[in-house]
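These protein sequence lines map, in sequence, to chains X and E.
When the letters of the first sequence are read in order and numbered with this note's numbering, they come out as residues -10 to 77.
When the letters of the second sequence are read in order and numbered with this note's numbering, they come out as residues -10 to 77.
Everything labelled a hint here was simulated from the structure, so no lab data went into it.
Treat the hints with care, as some may be off.
Identical chains share a label here; the pair holds if one copy fits it or two copies do between them.
Derived lysine to any residue pairs resembling SDA-like cross-links, with alpha carbons at most 20 Å apart [said to hold, decoys possible]:
(1) Lys25 to Arg47
(2) Lys39 to Ala56
(3) Lys39 to Pro52
(4) Lys39 to Glu6
(5) Lys25 to Ile(-7)
(6) Lys74 to Arg(-3)
(7) Lys25 to Leu10
(8) Lys25 to His44
(9) Lys(-1) to Arg9
(10) Lys25 to Glu6
(11) Lys74 to Glu55
(12) Lys39 to Glu55
(13) Lys(-1) to Gln75
(14) Lys25 to Glu55
(15) Lys74 to Gly51
There are 2 protein chains.
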Amino acid sequence: MMDIDGWREKIDGIDEELVRLLSARAAAALAIGELKRTSELPVYEPQREKTVFEHVRRVNPGPLSEAQMVDIYERIIDVMRSLQKQSS
Amino acid sequence: MMDIDGWREKIDGIDEELVRLLSARAAAALAIGELKRTSELPVYEPQREKTVFEHVRRVNPGPLSEAQMVDIYERIIDVMRSLQKQSS
């Protein structure tokens, strides 16, 4: 059985992966923002955001509730949107 | 060069990984909460949270700024804390 320090080491490893993936997601959001500008598409697309939340809810295995996972994702999407705006 | 649909497929894949890692992090937080209860340690440890934020800032490669990454992590930590509380 793992002790608290063991679990914390595990969390530190997970955090490095999370930061890597959030950074990759941010780079993809910037690329999309750039493509939208050159093709004059609207930057804000509520239907796409809805699809992202539905997807996240569908693949959430727990132990976080649907509301808790959506709570985290709302912040992720907010930050990605502000990144796209600042680069325009 | 990837088009918008290509980038979105990439983001959908990243989101599945993010949900998987957030769920693993939540399971670890629950395990720590349980160990703290059985050993009568305090549930809230500000020093540990400080260490988590420092770690995240240190490994952040961009394009998200330090403030943007911390913004996302504040929500993650808030949700993990409320998960630990509801299970007690």
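Hint-by-hint comparison with the structure:
For the identical chains of this complex, Lys25 and Arg47 are neighbours neither inside a copy (28 Å) nor across copies (32 Å), given an alpha-carbon limit of 20 Å. In the homo-oligomer, the alpha carbons of Lys39 and Ala56 lie at most 20 Å apart inside one protomer (15 Å), although the nearest pairing across protomers, at 26 Å, exceeds that limit. Proximity of Lys39 to Pro52 under the C-alpha cut-off of 20 Å is found in neither arrangement, the shortest distances being 22 Å within a copy and 24 Å between copies. Taking CA atoms no more than 20 Å apart as the test, Lys39 paired with Glu6 passes between copies only; the shortest distance there is 19 Å, against 25 Å inside one copy.
For a Cα distance limit of 20 Å, the shortest separation of Lys25 from Ile(-7) across copies, 8 Å, qualifies, whereas the shortest one inside one copy, 47 Å, does not. In the homo-oligomer, the alpha carbons of Lys74 and Arg(-3) lie at most 20 Å apart only across protomers (18 Å), although the nearest pairing inside one protomer, at 36 Å, exceeds that limit. For the identical chains of this complex, Lys25 and Leu10 are neighbours neither inside a copy (22 Å) nor across copies (30 Å), given an alpha-carbon limit of 20 Å. In this homomeric assembly, Lys25 and His44 never come within 20 Å of each other (Cα to Cα): the closest approach is 22 Å inside a single copy and 34 Å across copies.
With identical chains, the CA atoms of Lys(-1) and Arg9 are at most 20 Å apart both within one copy (16 Å) and between copies (14 Å). Taking the closest pair of Cα atoms, Lys25 and Glu6 never come within 20 Å of each other, the shortest separation being 29 Å inside a single copy and 25 Å across copies. In this homomeric assembly, Lys74 and Glu55 come within 20 Å of each other (Cα to Cα) only across copies, at 17 Å, whereas the closest approach inside a single copy is 28 Å. For the identical chains of this complex, Lys39 and Glu55 are intra-copy neighbours only, at 14 Å inside a copy versus 27 Å across copies, given an alpha-carbon limit of 20 Å.
Taking the shortest alpha-carbon separations for Lys(-1) and Gln75, neither the intra-copy value of 34 Å nor the inter-copy value of 22 Å comes in at or below 20 Å. With identical chains, the CA atoms of Lys25 and Glu55 are never at most 20 Å apart, being 31 Å at best within one copy and 26 Å at best between copies. When the C-alpha separation of Lys74 and Gly51 is checked against a cutoff of 20 Å, the pair qualifies only between copies, where the shortest distance is 16 Å, while the shortest distance within a copy is 33 Å.
Violated hints, listed in ascending order, are 1, 3, 7, 8, 10, 13 and 14; each of the other numbered hints is respected by the structure.
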